[in-house]
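Trainee: So the sequences go chain by chain: A, B and C.
Quick note: to get the working numbering, add 4 to the position in the first sequence (first position is 1).
One point on numbering: in the working numbering, the residue at position 139 of the second sequence is 125, and numbering is uninterrupted.
Quick note: to get the working numbering, add 23 to the position in the third sequence (first position is 1).
Hints were generated in silico from the structure; no laboratory data involved.
Each hint should be verified, as a subset may be incorrect.
In silico DSS-like pairs for lysine-lysine, Cα to Cα no more than 25 angstroms straight-line [claimed, not checked]:
#, chain 1, residue 1, chain 2, residue 2
1, C, 261, A, 77
2, A, 360, A, 77
3, A, 179, C, 172
4, A, 58, A, 246
These numbers come from a predicted model, not from an experiment.
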Amino acid sequence: MKTFLQRPVHIMAFAVGLLSVVPAALAQDVTLKMWTLDNPGYPEFIAQAAEAFKKTHPDVTIEHQTFPGDAYKTSLPVALVGSDAPDVFFNWSGDAAKRLVRDGLALGITDAAMAKGGFGTELGAGLLDAFRYDGKLYGAAADAVSKYVFYNKDYFATNKIALPKTMAELAGVCKAVRAIDPDTVPMPLGNKTRWKAIHWMTMLNERVMGIDGTAADYDLARPADALFTDPGYAQAFDELLKLQDAGCFEEAPNATEYTVADAMFATQASPMEFCGTWCTAGLDAAGFTNYGFFRLPLVEGGKGDAGANFLVPEGFQVSSKTQHAKEAVEWISFLVSPEQGAKFAELTKFLPSNPKMIDSVPNATPQFREIVADMGTFTRGVNVLDVLLEASVADAYLNATVEVLNRTVTPAEAVAQIRQAALAAQAKLPAK
Amino acid sequence: MTSRYRLVSIGLHLVMTVWTLFVLAPLCLMFVAAFKSQADIFTRPLGLPKTLTFAAFERAWGIGIGGFLFNSLVVTALSVTLIVVVSALAAYVLARASSRRMQALYLLIVAGFAVPVQSVLVPLYQFVSAAGLLNSQIAIVIPYAAYGIPFTTMLFYAFFLEFPRELEEAARLDGCSRFQVFWRIVLPLSGPVVASAAIFQAVFNWNEFILALMLLTETRVRTLPVGIYGLIGQYSADWPALMAGLAIATLPLLVVFVAAQRHFVRSMSGLGK
Amino acid sequence: MTDVTQQEPRSPRGRRDVLSGAMLLPALVLVGLFILAPAAYAIVGSFFEFTITSRNWVFVGFGNYARAAGDPVFWTALRNNAFLIVGSAITQVGLGTILAAILDRGVRRGNAIYRTIIFMPVVVSSIAVAFVWILILDPNVGPLNAIVKSLGFRPPKLGWLGDPQISLWMLLVIAAWQNVGFQMILVLAGLQSIPKELYEAAALDGARGFRAFRYITLPGIRNVLIVGTLITVVGGLKVFDLVFVTTGGGPANATQVLGTYSYLQAFRLGNMGYANAMSVVLLAIAVLFGWLQLRLSRKA
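Given only the sequences and the hints, what does the whole structure look like? Please build it.
Mentor: Structure representation (C-alpha cells):
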C-alpha cells in the first residue's frame, strides 16, 4: 500500500522521461548492436565470432539480437528510423535493401570495404553486386541460398525412375509416382505463406524467358506499354499448372503449411520436394540421409539457361546512424572472412559467401559438399521474385500465384493483375 | 412429469457435454502432439504417441519458454495493477463530479477504447523508442496500462455511480480527504468490480501480441505470445517443440484457473454493473 | 448526479480540486500520451503519403480515402470485419447465454466441471490457439480432414483455410471456441446476481417459464448482455492475431480484415498514409459503437 502513493509519481516521472531522449552512453569501449534473424545456429555463430573478434578488437563488444522472420521485416525499418537503431543488421539483397538505400538508412561503405582486409577484397564480384546500388557498396553478402529438386534416392532406385531432364519429364515422374500409389504426393508444395510457389515462379520465369528477358520488367525499366506483356509470364504459370495437373502437388496447396510439405519429404512420405538449400538441415535432423538433388529442369523450347539457378544472397548492412562505422565495417568484413565462412557453414548449415575454407567444416554431409561445389558452377544467379520486385508488385505476384493454383484466375488474368500493379508502381517511381 | 423432466435434463447435459468435448479436443491434441515426433504428427494425425518422451519439452524449454512465461507473468501483473489503480482513481473523481468539463474528460478517456492498437503502432513505436524504453518490461507495461484504462474506467464509473453516498459523507464529516474516503471506504467495498476488471485485463494482456511483437524484440524480454510465434523459424518449424511450448505456456494458467474457478463466477459479476 | 462539492463546506475548494486533479492525472496522461496522441498522429498522417522510413511527407488531401473507396480489398476487409462482428455476436453471446442459462437452472451435476472446461480456452494465448487450429485444419495431415474422410465425406478441395467461402466460417468457429466460455461466465454471473426471491414472488403470481424469463431474467442480465456484446463487437472490429496467424489474410486477400490489411499496407508495402486512412475508418466505426453502447447503458 505504501507504494500506492508513489506510483502516480512514478508514472509522471516516466511521462516526463518519455519526452526527453535518453542520451547514448559515452564510453571508450565500442558496442555494436547487431540484428539478425533467429535462424538455427545464428546466435552461436555470432557469439563465437564476437569472441574471436575481440582478439584484434579488444574494445569492441557485440550486442546481438534476433527476430523471427516476419517480425524482422516489420521491426527493422521502424527501428532504423528510431533512435535505437542497430549498427549492423542482416538484410536480404533486393527491394528491401534498395529501399533502405533510397531512404538514406543504409550506409555506403565502399571505401572501407575496399581497404586492406575489407570484405570488398575478399568476396567475388557477383556477390558484391548483391548490395551494390548506383556503383556503391551498401553491404556484404554473408551467404546465399539456392533451390534444388531434392529426391529420395531409394524411392527412385526401387521404382526405376530416371531423373527428369525437362519439365515435361518432371510431370511424367509425378504421374509415375501417382501410378504407384495415388495417395503419395510426388512433390508437396506447401504454399500457405505464399513464398513456396513464388520460388517456383522465379525459376519458371527464368526457364521460359531467361534472365535477360525478364530483367527490364522486374526493374520496372520497360516502357509502360510493354511492361509485363511478354507471353512468357503466362506460359510460366502454365508450366506450374501442368505440374499440378500431373498430380505433382498435394491437395489444397494454398492451405498447406510449408513445414508440412517439408515434413512430408523428410519423413519419406513424398519422394521429391523443390526445396531450398536450407532444407538439408531439416533432412539431416530427421535422420534422412539417402537423398539427392538436381536443378530445376529446363522448359523445352524456353530461353532458360541450364547454368542459371536460384540464388538469393543475404548479408549484413550498416546503419547510416551508427557512431562506429569503421568498427562496423571491420566487423562485417570479419564475419565474411574465410575462417568465419567455415564457422558459419558449420553452425548455421547455410552456404557462406566465402567458401574458401569450406573443406575444413567438420560433420558436413556429402550433400552439403556437393551443393557447395554445384553452386560454384552457376553461370547466373536468379534472385527470387518476392525479394527482388518492388513490394506492391511482389505482393500482386504472390496473390496472383495463389489464385492461379486455386484456379480462381487464369494465367492470362494473373499476368494482367501483375501488370496493373507494376504500372502503378512504375508511375510512382521518381522521375530520373 | 418426472420422465419429461429427466428427458429435458438429459438433453441439457448433452448440449453441455458436446461443447465441453469440442473445447477439450484441441487442447488434448496440443498435449498429445507434444509427445509425438514430427513424423508422427504428420503421418498419423489421430494416432497416439509411440513412446512417452519429453524431448520436445526439453527443446521448447531450451528455447526459453520458461523465461517467456516469467516475462508474461510480470508484465501482466504489473499492467493489471496499474490499470486497476489508475482507472479506479479517475473513475471515482469523474463519478463524483457533474461539471461539463469533467464529463468531457470522461468521454475523452472512454474514447480511447475505440482506438485499435495496430492503427497507432508506428507513432507508438517511435515514442517508446525515443524514450529509450524499447526492450524493457516497462516499455510494454505502460502502453498495456494505457490501453486497459478506458474500458476499466467505464466499469468503475458505472459502479461508483451506484455506490451509496451516505458512507462517504459520514467519512467526510470525520475529516477524511477525498483520497482517504476513496482509499479507506470506497475501494475496500469495490471487491467484485475490481476482481472482474482485473480478470478481464489479465486475460487481455496475457494474450496481447502485436505490441509485444514490436516493442519486445530481444529474446530475454519477450512475452509468451511473441516467444511462441518465434518458434516458427524463417524456413522451418519444429512442431512437437511448438506444441510442447504451447503446453508449457498454457498449463500454469489452466491450473491457476481450475484452482480458483470457485470464486470466479462471483468475481465476474462486476462486469455487468 | 449531485455535486458533492457544494454539500461540503469543510475542506477548501481549491485543495479539493488539486487533489481531484492529481487523482485524474495518471489516467489522462496515459490515455493522452499512448492512445489519443498516436491516434491524432494517425489522423493527420492519413492526409499524407509517406513510408515508415521516408522523411518527406507528401500532402494528398483526401487521396488516401479516395484510394480506399476504389480498392476492392478494402471493401473485402470491411465486409469481413462486419461478418466477424455479427457472426461473433451471434455465436459467442448467443451460445454463451444458452450455456449459462443451462448451468444456472438446468443442470446441477457436473456444473463446476462444465464451467471450468468451457472457460479454459480463454486463458490460452490466442497465438497458441491459432497454431493448434492450423494443425487441426491442415488439408493433408490435419485430424479434421481425417475425421471427415473417415465419415465418408469429402473435405473442401481448397482446404478449410484455403477456400475463402469456408475460411471465414472457420475463423468464426475458432473465435467461438476461444471466447464462448468468457461470455458464458459473464452471463452466468449476471444470472446469479438476480435475487431468487424475485422468481419465487413471480411464481406466486403465476409467472413461470418464458414469462419469468421475459420479465425477470432478461432485464436482470440486460447490462451484462450489452457489455458482452460490446466486448465482442469491439473484438471483431480490432481482430488481428487470429487472422494474422491462421490465414495471413489469404488466399489472395480474401480473409483480410481492416487490422491485417492496414498492417500489410503499412509495414509490407510501405503505404503508411493509406494504412492510416484505413485505421481512421476503423476508428470512426469503433467510436460509433462506443457511443451506441453509452446510449444503451444510460437508458438502463
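Trainee: State for each hint whether it applies.
Mentor: Consistency of the hints with the structure:
{"no.": "1", "hint": "C:261 - A:77", "verdict": "holds (22 angstroms)"}
{"no.": "2", "hint": "A:360 - A:77", "verdict": "violated (31 angstroms)"}
{"no.": "3", "hint": "A:179 - C:172", "verdict": "holds (24 angstroms)"}
{"no.": "4", "hint": "A:58 - A:246", "verdict": "violated (55 angstroms)"}
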